[in-house]
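Sequence lines, in order, name chains A and B. This note's numbering puts the first residue of the first sequence at 1, with every later residue one more than the last. This note's numbering puts the first residue of the second sequence at 191, with every later residue one more than the last.
Just so you know, the hints here were simulated from the structure itself, not pulled from any lab data. Any given hint could turn out to be false.
Among chain A residues calculated to face chain B with C-beta under 10 Å, some are [to be verified]: (1) Tyr41; (2) Glu128; (3) Glu152; (4) Arg178.
Label pairs and their in silico Cβ distance ranges [stated by the list, open to error]: (5) B:Ala211 - A:Arg97: 24 to 34 Å; (6) B:Arg194 - A:Ala26: 50 to 60 Å; (7) A:Trp172 - B:Arg229: 35 to 45 Å; (8) A:Trp172 - B:Arg228: 42 to 52 Å; (9) B:Ser226 - A:Asp74: 21 to 31 Å; (10) A:Ser96 - B:Pro210: 44 to 54 Å; (11) A:Gln34 - B:Arg194: 40 to 50 Å; (12) B:Ser226 - A:Gln20: 14 to 24 Å; (13) A:Gly164 - B:Arg228: 26 to 36 Å; (14) A:Ala190 - B:Asp214: 28 to 38 Å; (15) A:Trp172 - B:Asp218: 35 to 45 Å; (16) A:Arg73 - B:Thr195: 42 to 52 Å; (17) B:Arg229 - A:Asp129: 38 to 48 Å; (18) A:Gly13 - B:Asp218: 25 to 35 Å.
We treat Cβ as the ideally placed atom computed from N, Cα and C, and that holds for glycine.
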Amino acid sequence: MTTNARIGFGSAGDVTLVEQARTGDADAFERLIQTRLERAYRTAFAILRTDWDARDACQEAFIAAWRELPRLRDVARFDAWLDRIVVNQCRTLLRSRKVRVREISIDAHPDASVELSGASPVEAMADEDLVRQAFGQLSADQRLVLALHHGEGRPVAEIASLLGVPAGTVMWRLYRARRALETVLREVSA
Amino acid sequence: MTHRTPPLTMDLLERALAEPATLDVPDDLKASIAASIRRTPGHSAPCACRR
Numbered sequence: 001m002t003t004n005a006r007i008g009f010g011s012a013g014d015v016t017l018v019e020q021a022r023t024g025d026a027d028a029f030e031r032l033i034q035t036r037l038e039r040a041y042r043t044a045f046a047i048l049r050t051d052w053d054a055r056d057a058c059q060e061a062f063i064a065a066w067r068e069l070p071r072l073r074d075v076a077r078f079d080a081w082l083d084r085i086v087v088n089q090c091r092t093l094l095r096s097r098k099v100r101v102r103e104i105s106i107d108a109h110p111d112a113s114v115e116l117s118g119a120s121p122v123e124a125m126a127d128e129d130l131v132r133q134a135f136g137q138l139s140a141d142q143r144l145v146l147a148l149h150h151g152e153g154r155p156v157a158e159i160a161s162l163l164g165v166p167a168g169t170v171m172w173r174l175y176r177a178r179r180a181l182e183t184v185l186r187e188v189s190a
Numbered sequence: 191m192t193h194r195t196p197p198l199t200m201d202l203l204e205r206a207l208a209e210p211a212t213l214d215v216p217d218d219l220k221a222s223i224a225a226s227i228r229r230t231p232g233h234s235a236p237c238a239c240r241r
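With the sequences and hints as input, model every part of the structure.
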């Protein structure tokens, strides 16, 4: 399970690498990439759900980080800063493909509720596929919070820090996103 | 084929959105990023007046 260590900074060596990279040392930046690419890729995949989209998001995120690194004031916040760039890049990518994303009104099914499931293993796999189909039709912001919290297991407080919003806002967005997912789920399984 | 609508339990949500067990970073992605940053202009030393 994910913990706050995810956004903690590695070592004094990492600080040195960030300082070097900030001055334009591409070798230092490559070493930073080496130890952070897997985490970035996993986050991007959790949000975007395809290999190629995750690749694109990582590529663009690391290039953006390279460009913006001289503006990072607190090098100890490098990991949290990079996390935010990756998530923002995923959001940008989703929004650039609006044709695949719909805003869902959670008021369409006011009786929607979370229930217990008694599905067989085969049904359970089919159910997971349906949820992923429905997830693919949510808005970028809805996908972000669901993927980060339910896919990656990040705590609400961490997501709040990542998105720069209060924890209560994240909880509200999670609630709305789950309700929207229920609505789409009914449509894709009809 | 028509499928019943599954109840959206927390368990189902987390299983559906969990990372695949075999998720691996593509072998060439790091090299691709490294090549990109070496071709990316505009990276300059930070301003001396920063905090």
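Results of checking the hints against the structure:
no.: 1; hint: Tyr41; in the structure: holds, 5 Å
no.: 2; hint: Glu128; in the structure: holds, 4 Å
no.: 3; hint: Glu152; in the structure: holds, 8 Å
no.: 4; hint: Arg178; in the structure: holds, 7 Å
no.: 5; hint: B:Ala211 - A:Arg97: 24 to 34 Å; in the structure: holds, 27 Å
no.: 6; hint: B:Arg194 - A:Ala26: 50 to 60 Å; in the structure: holds, 54 Å
no.: 7; hint: A:Trp172 - B:Arg229: 35 to 45 Å; in the structure: holds, 42 Å
no.: 8; hint: A:Trp172 - B:Arg228: 42 to 52 Å; in the structure: holds, 43 Å
no.: 9; hint: B:Ser226 - A:Asp74: 21 to 31 Å; in the structure: holds, 26 Å
no.: 10; hint: A:Ser96 - B:Pro210: 44 to 54 Å; in the structure: violated, 25 Å
no.: 11; hint: A:Gln34 - B:Arg194: 40 to 50 Å; in the structure: holds, 47 Å
no.: 12; hint: B:Ser226 - A:Gln20: 14 to 24 Å; in the structure: holds, 19 Å
no.: 13; hint: A:Gly164 - B:Arg228: 26 to 36 Å; in the structure: holds, 31 Å
no.: 14; hint: A:Ala190 - B:Asp214: 28 to 38 Å; in the structure: holds, 36 Å
no.: 15; hint: A:Trp172 - B:Asp218: 35 to 45 Å; in the structure: holds, 40 Å
no.: 16; hint: A:Arg73 - B:Thr195: 42 to 52 Å; in the structure: holds, 50 Å
no.: 17; hint: B:Arg229 - A:Asp129: 38 to 48 Å; in the structure: holds, 40 Å
no.: 18; hint: A:Gly13 - B:Asp218: 25 to 35 Å; in the structure: holds, 26 Å
Going down the numbered hints, you'll see the structure goes against just number 10.
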